[in-house]
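Protein chains: 2
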Amino acid sequence: MLKLSKKADYGLMALQYIASVQYGDVARARIVNTKEIAEEYHIPLELLAKVLQTLAKQGIVESQNGPKGGYLLARHAKHITIAQVLEAIEGPLGIADCYHDKDSSACLQREHCNIRTPLLKVQSSIYQLLNSMTVEDMMGGTPLITVQSITTAEGVAR
Amino acid sequence: MLKLSKKADYGLMALQYIASVQYGDVARARIVNTKEIAEEYHIPLELLAKVLQTLAKQGIVESQNGPKGGYLLARHAKHITIAQVLEAIEGPLGIADCYHDKDSSACLQREHCNIRTPLLKVQSSIYQLLNSMTVEDMMGGTPLITVQSITTAEGVAR
DNA sequence: CTGATCGCCGATCAAAAAGGTCGCACTCAC
DNA sequence: GTGAGTGCGACCTTTTTGATCGGCGATCAG
Numbered sequence: 001m002l003k004l005s006k007k008a009d010y011g012l013m014a015l016q017y018i019a020s021v022q023y024g025d026v027a028r029a030r031i032v033n034t035k036e037i038a039e040e041y042h043i044p045l046e047l048l049a050k051v052l053q054t055l056a057k058q059g060i061v062e063s064q065n066g067p068k069g070g071y072l073l074a075r076h077a078k079h080i081t082i083a084q085v086l087e088a089i090e091g092p093l094g095i096a097d098c099y100h101d102k103d104s105s106a107c108l109q110r111e112h113c114n115i116r117t118p119l120l121k122v123q124s125s126i127y128q129l130l131n132s133m134t135v136e137d138m139m140g141g142t143p144l145i146t147v148q149s150i151t152t153a154e155g156v157a158r
Numbered sequence: 001m002l003k004l005s006k007k008a009d010y011g012l013m014a015l016q017y018i019a020s021v022q023y024g025d026v027a028r029a030r031i032v033n034t035k036e037i038a039e040e041y042h043i044p045l046e047l048l049a050k051v052l053q054t055l056a057k058q059g060i061v062e063s064q065n066g067p068k069g070g071y072l073l074a075r076h077a078k079h080i081t082i083a084q085v086l087e088a089i090e091g092p093l094g095i096a097d098c099y100h101d102k103d104s105s106a107c108l109q110r111e112h113c114n115i116r117t118p119l120l121k122v123q124s125s126i127y128q129l130l131n132s133m134t135v136e137d138m139m140g141g142t143p144l145i146t147v148q149s150i151t152t153a154e155g156v157a158r
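So the sequence lines, in the order shown, correspond to chains U and X.
1 is the number of the first residue of the first sequence in my numbering; add one for each residue after it.
1 is the number of the first residue of the second sequence in my numbering; add one for each residue after it.
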């Protein structure tokens, strides 16, 4: 339940990797290609390629063709949120369809729907949470995170 | 993305309905059967039945067979959290498999996984959010729901 | 110019999950 | 005891996801 898809996982891993190569060591900053990432994380090459293409099309990363080509972050890691990445890969995120559907005919339960309001609150909180965390946060020097950090997260949503 | 399944939706709606029949008007408290709920919300009867069966097996509701049979909440609505319901219907909730997998062999990326820690934090936050909201919270006196009620909804959980 | 190396795009296929349906088994009212 | 009204469990169909293949265009080194 609420599980991320493989594509989303791969996308996040790739972005984290690209970011750390780009920012990690100033002297060795370089462009990174799909094959390198795929081998590093044992991800099927073609699938990762497709994910990166999608991210490129959505303006999250920039691609460079030819030999010595590869990918770069389109903007600073600090300004790429998890929510943006997930939406780029898997479309608009919402706990239920009825919060962004164009045709209202979709939901037969809508007229008497009793869970719409409470769920909307949940959705907002999750979205806010995902939107408050960036790619930069993923690479930061936070090696270990304990259960107690929930408190921190709670503060975020309010 | 992060969308709830139909079964989860149906389950939550049904619980809300059962709860309001059970607690709403003390004089008219009664047992409620699957058919009634299915018709009220235009849900496929058999599917809703299966969801309720699952909830019964997980101890969220109690079933009563025979004519005049139906379902009752197994405990007070105040003590049934959204997280419990979702987990009962769709299995353990986790943003990625690797947080509750028995066999560590599943995740090939695990050794070099760089997004594990940050995602764990996200997951904890979401879990806590879902676990802090109960069925009782869902039945509160919000009869009609407009788009503007987002503000109201936000207030509900506090 | 030419070849090697890359990203780009579309089509295809298999596996898994979700959604929905069917017949059987139990229970209670009469 | 009987049958209508239940819950119950196995089953099938559709959709989504994950993964793979083949060909194309761009770019750079030599």
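Hints were generated in silico from the structure; no laboratory data involved.
Careful: at least some of the hints might be erroneous.
Any copy will do: because identical chains look the same in the list, a pair fits if it lies in one copy or spans two.
Straight-line C-alpha distance at most 27 Å; calculated BS3-like pairs for lysine-lysine [stated by the list, open to error]:
1. 68 with 3
2. 3 with 50
3. 57 with 3
4. 57 with 7
Each hint, compared with the structure:
1. 68 with 3: For residue 68 and residue 3, the Cα distance exceeds 27 Å both inside one copy (35 Å) and across copies (39 Å).
2. 3 with 50: Answer is both; intra-copy 20 Å and inter-copy 22 Å each pass.
3. 57 with 3: Classified as both: same-chain Cα gap 24 Å, cross-chain 23 Å, threshold 27 Å.
4. 57 with 7: For residue 57 and residue 7, the Cα distance is within 27 Å only inside one copy (15 Å; across copies 34 Å).
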